[in-house]
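Colleague: If you read the sequences in order, they're chains A and B.
When we follow the working numbering, the leftmost residue of the first sequence carries the number 1, and every step to the right adds one.
When we follow the working numbering, the leftmost residue of the second sequence carries the number 1, and every step to the right adds one.
Rather than coming from a laboratory, the hints here were simulated on the basis of the structure.
It cannot be assumed that every hint is accurate.
[Claimed, not checked] No more than 25 Å apart at the CA atoms, straight line, and that leaves these computed lysine-lysine pairs for BS3-like: (1) 28/A with 50/A; (2) 122/B with 45/A; (3) 50/A with 118/B; (4) 15/B with 53/A.
[Claimed, not checked] Computed beta-carbon distance windows for the label pairs: (5) 240/A with 35/B: 57 to 63 Å; (6) 39/B with 194/A: 45 to 51 Å; (7) 142/B with 92/A: 36 to 42 Å; (8) 36/B with 197/A: 33 to 39 Å; (9) 35/B with 97/A: 34 to 40 Å.
We put the CB at the ideal spot given by N, CA and C, even for glycine.
The residues making up each chain are set out below.
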Amino acid sequence: MKCENCGANLTLEEENCPFCGQPNPHAKQHIRDMRHYQNEFEDTKEHVYKSTKLYTQIVVRVVILAVLAILSVVLFVLADNAYSFMRDREEKRSAKNYEEYSRILDGYLEEENFRAFEIFCEEHVLRSYDGPYAPKYGKIISVSRSYVYLMDYLWRYAFPLSYTTIQQAELVSDGLENFYRELNEEWTSSYGVKRVSDEKVTAAMEKMEENVREFLFIYCGFTREEADSIPELSKAKRMLLLEEKLEGRLSDEK
Amino acid sequence: MRNSISRRIRSAGEKKPLGILLLDIAIMVMFLVFLFMAGTAVAAFREYQADRVYQPVSLYYRMEDGDYGRMVQMVWQNRVMGETDQEYAEYYAVADYFEAAVQYRICTETGDSAGAEKWLEKMADAEGRLGMFSEEKEKIRTCLGIR
């Protein structure tokens with residue numbers, strides 16, 4: 001463009017003519033416009049910068065919150081299922097250590113330590129109905145469990161404590177029913193695993209039954225005939241017999 | 001043109017937006033929840049282990065009640081779980097003596113002399129370990145009717 005005064009060549013950046021000093025009206029507007037656009041650019045840039053920073057801050061916090069929430073849920077589920085988790089782990093370990101555990105179980109059976117046998121099976125999650133222990137030990141695991149519960153009830157029945165009541169007779173009656181049911185049941189596992197016959201196991205179950213009869217005879221005031229007839233008695237007759245024997249002992253205690 | 005230094009100075013003086021503040025509070029709360037859950041999970045696993053073994057005080061209360069039968073169950077639970085601390089030795093002896101005495105009387109009255117001898121030996125062994133609970137021997141013998 002040319003200066004309106006002297007006709008010299010001017011650029012848009014020159015506010016005044018370098019030759020005559022005349023103000024360049026086009027330059028002024030251009031410079032004003034450029035400043036305006038520059039300010040708008042800076043403002044927009046800052047706005048984008050701030051928005052991005054804010055967005056990043058929000059996203060980072062939301063991610064941290066989500067991670068903490070997920071971890072909390074995982075820990076809650078773990079805490080709520082600690083028992084199942086530990087039991088599953090123990091069951092897997094038992095399956096791996098079949099040889100060693102079988103030796104221990106056979107040892108308990110030889111010593112006639114049925115209590116330790118039952119506790120071992122319970123603590124190491126040896127299942128009676130499936131798994132590697134079921135074929136050989138399945139039945140005796142069930143029988144020993146009912147035997148141990150029965151003996152616990154019988155001990156309190158035979159040696160009543162200050163807080164033992166006549167209800168103990170009912171516990172013993174149920175215990176006897178369960179024990180003889182487990183003992184006489186034709187055992188099969190739910191997965192069709194056939195029972196493997198074992199002399200030690202059979203002898204152990206016979207010994208358990210003998211222990212129960214002897215205990216009833218020696219410590220519970222039963223006659224031999226009464227102790228031997230227990231498996232054949234009806235529930236009502238068994239209850240009557242047990243209550244009658246216990247009442248005598250409870251009144252003696254008083 | 002605004003430079004980055006002036007931008008930083010300006011942002012240092014600016015207050016946090018409300019949304020960011022709320023998120024910070026939520027994070028602090030969630031962190032506390034996380035710590036609580038972690039503690040709960042650790043406690044749950046420890047409780048599982050602790051539940052497998054009976055403490056001496058539990059054995060003591062059973063013995064005081066004369067509930068020797070239950071004591072035998074608890075002692076065998078501890079033994080199977082491998083609890084052999086010396087602290088338990090005398091309680092174990094009481095339970096062993098009771099268990100052996102029960103079997104001894106059964107064997108004696110059913111004429112099983114070999115069994116009676118075996119259980120008598122176990123009674124003698126347990127008696128040697130009774131320690132401060134030596135008076136339990138007479139209580140047990142009285143309870144079982146053994147002279």
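Colleague: Next, verify each hint and record whether it holds.
Modeller: Here is how each hint holds up against the structure:
This hinted pair does not check out: residue 28/A and residue 50/A have alpha carbons roughly 32 Å apart, beyond 25 Å. A hinted pair counts as satisfied when its Cα atoms are at most 25 Å apart, and residue 122/B with residue 45/A does not qualify at roughly 92 Å. About 89 Å separates the Cα atoms of residue 50/A and residue 118/B, which puts this hinted pair outside 25 Å; it is violated. Distance check on the hinted pair: residue 15/B and residue 53/A sit about 14 Å apart at the alpha-carbon level, within 25 Å; holds.
Roughly 60 Å separates the CB atoms of residue 240/A and residue 35/B, a value that falls within the hinted 57 to 63 Å. Checked against the hint of 45 to 51 Å, the C-beta distance between residue 39/B and residue 194/A comes to roughly 49 Å, which is consistent with it. Taken as a hint, the range 36 to 42 Å is violated for the pair residue 142/B and residue 92/A, whose Cβ atoms sit roughly 48 Å apart. Taken as a hint, the range 33 to 39 Å is violated for the pair residue 36/B and residue 197/A, whose Cβ atoms sit roughly 54 Å apart.
Roughly 37 Å separates the CB atoms of residue 35/B and residue 97/A, a value that falls within the hinted 34 to 40 Å.
Hints 1, 2, 3, 7 and 8 from the earlier list are contradicted by this structure; the remaining hints agree with it.
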